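Line by line, the protein sequences give chains A and B. For the first sequence, this note's numbering assigns the number 1 to the initial residue and increments by one for each residue that follows. For the second sequence, this note's numbering assigns the number 1 to the initial residue and increments by one for each residue that follows.
A few of these clues could be false.
Identical chains blur together in the list; that is why a pair holds if it fits in one copy or across any two.
List time: in silico BS3-like cross-link candidates among lysine-lysine, alpha-carbon distance up to 25 Å [said to hold, decoys possible]:
1) K300 <-> K94
2) K349 <-> K228
3) K111 <-> K349
4) K569 <-> K111
5) K571 <-> K532
6) K28 <-> K396
7) K52 <-> K82
8) K704 <-> K52
9) K272 <-> K430
10) K124 <-> K154
11) K94 <-> K6
12) K236 <-> K461
13) K124 <-> K141
For the record, the hints were derived by calculation from the structure and aren't laboratory data. No experiment lies behind these values; they were computed from the predicted model shown.
Protein chains: 2
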Amino acid sequence: MPPEEKPLTGLFDPDSIAVIGASHTEGKVGHTLLSNIVSSDYDGEVYPVNPKGGEILDKEVYESIEELPSGVDLAVIVIPAKLVKDAVHECGEKGIKDCIVISSGFSEIGKVEMEEEVVKEAKKYGMRVLGPNVFGIYSAKADLNATFGPEDIKKGSIALISQSGALGIAMIGMTAEQYLGLSTIVSVGNKADIDDMDLLDHLADDELSEVIMIYMEGLDNGRDFIKKVEEMPEDKAVVVIKAGRSEKGATAVASHTGSLAGSDKIFTSAFKQCGVLRADGLREAFNWSRILSSSSLPTKENTVVITNGGGIGVLSADAAEENDVPLLDDQTFLNETFEDAIPTFGSTKNPIDITGQAGREEYEKAMRKALESDEVGAVVGLYCETGVTDPMETAKVMKKLHDEYKEEKAMVFTFTGGDFVDECVEWLRKEKVPAFTDTSDALSAMGALFKRKRYIERMEKREELTRPDIDVDHIEKVIQKARQDGRITLFEDEAREILDQAGIPMAEGKIVNSLEGAVNAAEDIGYPVVLKVVSEDIVHKTDAGGIALDLQNKEEVIDAYQAILSRCKEKYPAAHIPGISVAEMLEEGEETIVGGTRDSSFGPVVMFGLGGVYVEILEDVQFRVTPISKKEARRMMGEINSFPVLVGARGQARRDLTALADVIYRMSFLMDEIDEISEMDLNPIKAFDQGEGCKALDVSITLKRKVKKNE
Amino acid sequence: MPPEEKPLTGLFDPDSIAVIGASHTEGKVGHTLLSNIVSSDYDGEVYPVNPKGGEILDKEVYESIEELPSGVDLAVIVIPAKLVKDAVHECGEKGIKDCIVISSGFSEIGKVEMEEEVVKEAKKYGMRVLGPNVFGIYSAKADLNATFGPEDIKKGSIALISQSGALGIAMIGMTAEQYLGLSTIVSVGNKADIDDMDLLDHLADDELSEVIMIYMEGLDNGRDFIKKVEEMPEDKAVVVIKAGRSEKGATAVASHTGSLAGSDKIFTSAFKQCGVLRADGLREAFNWSRILSSSSLPTKENTVVITNGGGIGVLSADAAEENDVPLLDDQTFLNETFEDAIPTFGSTKNPIDITGQAGREEYEKAMRKALESDEVGAVVGLYCETGVTDPMETAKVMKKLHDEYKEEKAMVFTFTGGDFVDECVEWLRKEKVPAFTDTSDALSAMGALFKRKRYIERMEKREELTRPDIDVDHIEKVIQKARQDGRITLFEDEAREILDQAGIPMAEGKIVNSLEGAVNAAEDIGYPVVLKVVSEDIVHKTDAGGIALDLQNKEEVIDAYQAILSRCKEKYPAAHIPGISVAEMLEEGEETIVGGTRDSSFGPVVMFGLGGVYVEILEDVQFRVTPISKKEARRMMGEINSFPVLVGARGQARRDLTALADVIYRMSFLMDEIDEISEMDLNPIKAFDQGEGCKALDVSITLKRKVKKNE
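Build the full structure now, drawing on both the sequences and the hints.
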């Protein structure tokens with residue numbers, strides 16, 4: 001494909017449309033599609049094409065593409081797969097600018113070549129192709145419903161991309177039913193030409209789209225995706241439902257880091273990195289899109305909840321905690337602000353209880369206090385059915401306040417109860433006020449606003465990414481040597497050399513198998529040293545007397561070497577002992593793992609976690625797509641559950657997080673720049689007390705299985 | 001209160017009702033309540049009482065209670081609080097059997113005495129009192145809606161207890177709107193007489209109630225609650241929404257275990273223990289209650305999902321994993337069973353994709369294959385809006401199959417899309433078929449069925465709880481001695497003595513502060529021994545040379561004692577060293593914690609977790625309400641996230657789980673029987689390899705602050 005493709009504006013805002021394969025028969029896709037176009041408010045020309053001619057839906061039918069007037073912008077093709085190529089050819093000849101191939105029966109059933117020919121034909125005429133195997137598109141800009149899905153689509157500011165055609169159709173129905181306004185809805189189908197990335201480019205410039213919601217099953221080009229999302233204008237949020245969470249990743253891998261790759265964790269990390277809001281499922285994605293398209297972001301890290309019921313208040317406090325929605329808890333401020341607005345038996349403790357007697361006036365008074373205060377970042381209004389007050393009156397107050405304050409404050413409302421309160425939610429939704437029937441939904445939506453706010457703040461503070469000093473040429477030479485030997489696993493001294501060139505500190509050490517070797521190694525390393533038996537058969541090395549610490553001189557090394565061998569041979573007579581490791585005596589520290597691997601979606605990634613059980617059993621690790629800054633590395637470290645261990649929990653000293661972050665940062669560039677490295681682990685890398693740095697104790701580097709030819 | 005209270009059957013199935021405070025004014029509680037009674041299908045007599053007389057809703061009004069005919073079963077009292085006592089007196093004199101006090105203004109605003117007087121008055125006449133401060137009751141048995149909530153209540157088999165009146169009213173509305181049938185709904189209000197426990201007793205015997213759903217904010221008597229739930233008939237499931245999850249527990253506590261008490265974790269553990277299904281919020285509770293009241297439990301640990309869309313299939317597989325719904329994955333079986341039922345381009349991989357073309361016949365064929373097979377435990381049917389097939393036709397097939405197989409197989413259905421498919425869900429719900437619009441909801445509901453199935457199977461295998469041999473008298477004497485000293489913390493030798501009497505093994509050891517003491521201790525304990533410096537100032541004892549392992553005789557102890565002191569003084573000149581611990585040399589093992597504490601809701605509980613970081617930072621612990629069997633202790637151990645560490649992960653040996661379970665079991669009885677112990681920790685208790693037992697290395701026991709007078 002040429003480097004610069006034609007933008008998709010023509011596809012989403014055509015002046016005229018030809019429906020190739022418009023059908024006379026109701027219920028057929030070619031009929032439904034034409035009917036949807038005609039019944040939408042689209043004011044361009046619509047030309048049905050069908051060899052049978054006649055009229056469909058009062059439109060004159062053209063018997064062939066050739067007969068069409070010239071200058072048609074878009075062809076929507078709904079004919080059997082085998083006829084599509086010729087139709088595209090004719091469209092091209094006729095000067096039609098773009099086309100959507102609805103028809104299925106291409107690469108999804110193995111007919112890859114037939115699909116490629118269609119695109120090749122289109123490219124001859126500079127046409128872009130959406131599909132094949134799509135349900136069509138809806139575009140609010142053109143008031144155009146060119147799908148064979150439901151007729152009724154509400155106009156709004158949410159752009160919906162679906163990687164599943166079937167689910168896309170269901171989602172159109174869902175949005176209409178929930179009064180969720182769309183700017184566009186489109187599925188990518190077989191992505192023969194236009195893919196998700198093209199759509200993201202288009203939506204980045206589309207002024208109608210404020211929220212982009214994507215149903216995603218996979219990503220071929222995760223790095224592109226991240227880049228495009230990062231480059232989105234600040235006021236466009238991206239919400240993704242990533243399905244296939246339960247699927248396990250790649251199979252045989254050589255390292256700990258590798259075994260965790262391909263996993264859903266990497267999607268989570270990558271999305272976090274670029275500010276994608278990852279929703280659990282359809283409901284959450286819809287709820288988040290609703291609030292993102294109708295509310296400002298919180299101005300401060302706090303929230304005031306106004307409720308007419310204690311029970312619903314408690315449930316909202318639970319949901320607030322779960323969704324990282326911080327509740328304002330400065331009781332002095334709350335008392336001062338709300339004391340005049342709270343009836344007898346009410347409570348100024350947040351959630352603020354204005355009691356079951358509260359009608360429209362009480363709600364307005366209390367809500368207004370919260371909305372008017374500069375100290376309040378976000379406001380949640382809860383109404384619980386009482387049988388006493390009229391919920392619609394309260395709903396009207398909420399709309400009024402939303403209209404007044406929506407540009408300033410984050411707001412969300414819920415109405416809990418039966419039919420009558422559900423009507424309030426429906427009415428508010430029609431009026432573009434973010435309202436829910438369920439407290440958890442509302443707080444989850446508010447949580448999405450806070451996530452978005454925090455991401456934007458982070459981005460504002462982001463600094464330019466500077467490259468560390470890594471000697472790529474030197475490293476590539478080391479790798480070349482291994483390649484010449486036909487090895488994909490590097491020797492320890494090679495791996496050491498690479499770390500050295502990347503500026504990653506590693507403890508001095510050597511494996512020896514003679515007394516002389518031990519002494520020489522100790523002299524090289526410098527005293528004190530540690531001797532440790534190397535044997536897979538001796539699991540509990542301390543108990544076996546297989547470790548000697550703090551050896552101060554040659555004599556102690558000689559004694560220790562002999563003692564270790566004799567004790568181990570006594571306790572484990574059958575053990576194979578390939579050597580003894582001589583290493584510098586390190587200070588006390590916390591063992592962590594820093595790893596790098598290549599993910600099938602996102603390419604090179606780095607991983608961080610505490611050592612041992614934390615990684616292997618609890619999978620308490622975080623990933624990042626490379627390269628990353630030291631700041632991002634530091635944030636990544638903070639995201640593991642066991643992070644408190646590193647900052648002085650349990651009476652330990654705070655470890656050198658700066659040094660660890662530097663290693664992760666360097667590793668991220670190493671993985672990014674040295675394409676030959678498939679996986680690497682620093683396991684463990686020991687973090688010493690703050691200011692004392694960190695050192696890798698062991699390193700393993702595995703190369704890619706095949707040498708690339710043209711790189 | 002007398003030990004045996006009158007049962008509540010009269011309250012829920014009265015032959016006649018007097019409404020004391022029936023109102024002429026529409027919108028008033030006394031009017032709405034009467035109106036709800038009259039418009040429900042209740043066929044008993046209804047007598048409005050109001051001093052103004054006249055007629056309300058075509059019913060003749062009695063001017064006083066005295067004028068009522070005799071033999072009225074139930075009085076519903078809706079008059080100002082201060083008049084209630086006299087009204088109750090008059091009701092008693094008139095021979096009315098029970099009463100519901102709707103009126104508020106009692107203990108909830110501090111008027112405790114006034115409330116007590118009402119109950120005292122009622123008791124004189126043997127009347128039971130529900131309330132005050134309740135919304136009334138609904139009883140399907142009597143076709144009676146005696147609430148001031150919504151008029152419309154669907155009859156069914158779900159009993160709803162709400163600890164919040166306001167939320168109760170909203171929930172009535174929600175059940176009606178969602179076509180969820182109720183057997184009863186009741187709030188306990190101020191619980192002046194009737195409390196949750198009385199209601200559970202009543203519902204245990206109520207044949208209409210198949211599911212008991214409770215909105216709970218707290219529990220005064222958690223142990224009673226557990227007992228009553230455990231004793232529920234097997235076919236009655238209990239679903240609880242426990243609000244206040246985010247509230248933190250008790251304040252100052254002396255042990256690790258104590259610091260985790262009062263926490264929400266204990267509710268989770270206790271509920272698990274007695275088979276309560278704990279729902280996250282209202283939606284989940286409603287969904288679970290729906291399926292539990294309309295589906296059988298799974299017959300096997302597997303599930304087949306039939307879907308017409310790949311996307312919705314993937315989402316359901318994700319949701320299945322999250323909700324512990326096991327998908328059948330024997331591909332040979334799946335191929336054999338479904339190959340004839342799958343159209344071209346469909347898939348026999350579970351979720352089984354019968355493609356978007358699938359209409360009623362294809363659904364019936366595939367579903368029937370699954371339902372007819374003895375190998376399939378549960379079936380999920382998913383329909384995704386296509387624009388091609390008629391969902392209502394499919395819904396009808398689903399109802400037919402549900403009717404046919406509901407006594408044999410667990411089943412759930414979803415319809416995803418817009419208005420048109422929502423109608424299908426509504427229709428199915430009316431027909432008592434468990435149907436949802438959201439795949440996650442459906443799989444969460446199916447997950448509840450599996451949880452229930454597993455609980456019942458566990459209960460069936462449960463053995464009688466046998467008491468371990470604990471010398472209570474001896475232990476109480478030890479405690480008495482500490483009490484005489486005015487201590488609440490036990491000395492180590494006292495704690496050791498208690499463990500000994502409870503049959504809990506502890507490592508031999510002693511803290512000494514002289515060389516002579518060290519040698520004597522070592523001789524007492526028996527060689528080999530370990531010496532370790534005791535000092536809070538020396539954090540890294542190994543690095544400081546503060547530990548000497550595997551000392552084989554007197555001479556080695558003497559050398560080690562002196563070496564430890566001199567090394568530590570050299571490295572930490574300022575450290576305060578109160579002594580040196582001499583302990584038996586233990587085998588290698590895994591450090592765990594077993595603790596006991598007293599929870600404000602559930603009384604004595606035991607806790608288990610791995611040592612150190614796991615407990616303190618990751619809070620990876622499990623609780624149980626005491627006493628428990630060894631089997632339950634073993635299950636509890638299996639529930640911690642780090643459990644794989646104990647069973648041979650990472651090349652380690654499998655630890656002695658039997659021995660650990662025995663300790664937890666014994667600790668549970670110790671906490672249960674020795675009421676004086678407030679908290680205790682075995683931290684750490686080291687588990688050796690399988691068959692080698694376990695030994696506590698340290699123990700701390702704290703007594704309750706005040707001695708109880710009458711125990």
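Okay, the hints, checked on the actual structure:
1. For a Cα distance limit of 25 Å, the shortest separation of K300 from K94 qualifies neither inside one copy, at 57 Å, nor across copies, at 62 Å.
2. Taking CA atoms no more than 25 Å apart as the test, K349 paired with K228 passes in neither setting, with 44 Å inside one copy and 35 Å between copies.
3. For the homomeric pair K111 and K349, the shortest alpha-carbon distance between copies (22 Å) is at most 25 Å, but the shortest distance inside one copy (65 Å) is not.
4. For a Cα distance limit of 25 Å, the shortest separation of K569 from K111 qualifies neither inside one copy, at 66 Å, nor across copies, at 80 Å.
5. In the homo-oligomer, the alpha carbons of K571 and K532 lie at most 25 Å apart both inside one protomer (15 Å) and across protomers (24 Å), since each shortest distance falls under that limit.
6. Proximity of K28 and K396 under a CA criterion of 25 Å is satisfied inter-copy only: 23 Å between copies versus 44 Å inside one chain copy.
7. Only within a single protomer do K52 and K82 lie at most 25 Å apart by alpha-carbon distance; the minimum there is 19 Å, versus 86 Å between protomers.
8. In this homomeric assembly, K704 and K52 never come within 25 Å of each other (Cα to Cα): the closest approach is 59 Å inside a single copy and 93 Å across copies.
9. In this assembly of identical chains, the alpha carbons of K272 and K430 never lie at most 25 Å apart, being 32 Å within a copy and 43 Å across copies at closest.
10. For a Cα distance limit of 25 Å, the shortest separation of K124 from K154 qualifies neither inside one copy, at 37 Å, nor across copies, at 65 Å.
11. Within a single copy, K94 and K6 get their C-alpha atoms as close as 18 Å, which meets the 25 Å cut-off; across copies the closest is 90 Å, which misses it.
12. Taking identical chains as interchangeable, the C-alpha atoms of K236 and K461 lie at most 25 Å apart only when both belong to the same chain, with a minimum of 19 Å there against 57 Å between chains.
13. For the homomeric pair K124 and K141, neither the shortest alpha-carbon distance inside one copy (28 Å) nor that between copies (76 Å) is at most 25 Å.
Consistency with the previously given hints fails for numbers 1, 2, 4, 8, 9, 10 and 13, ordered from lowest to highest.
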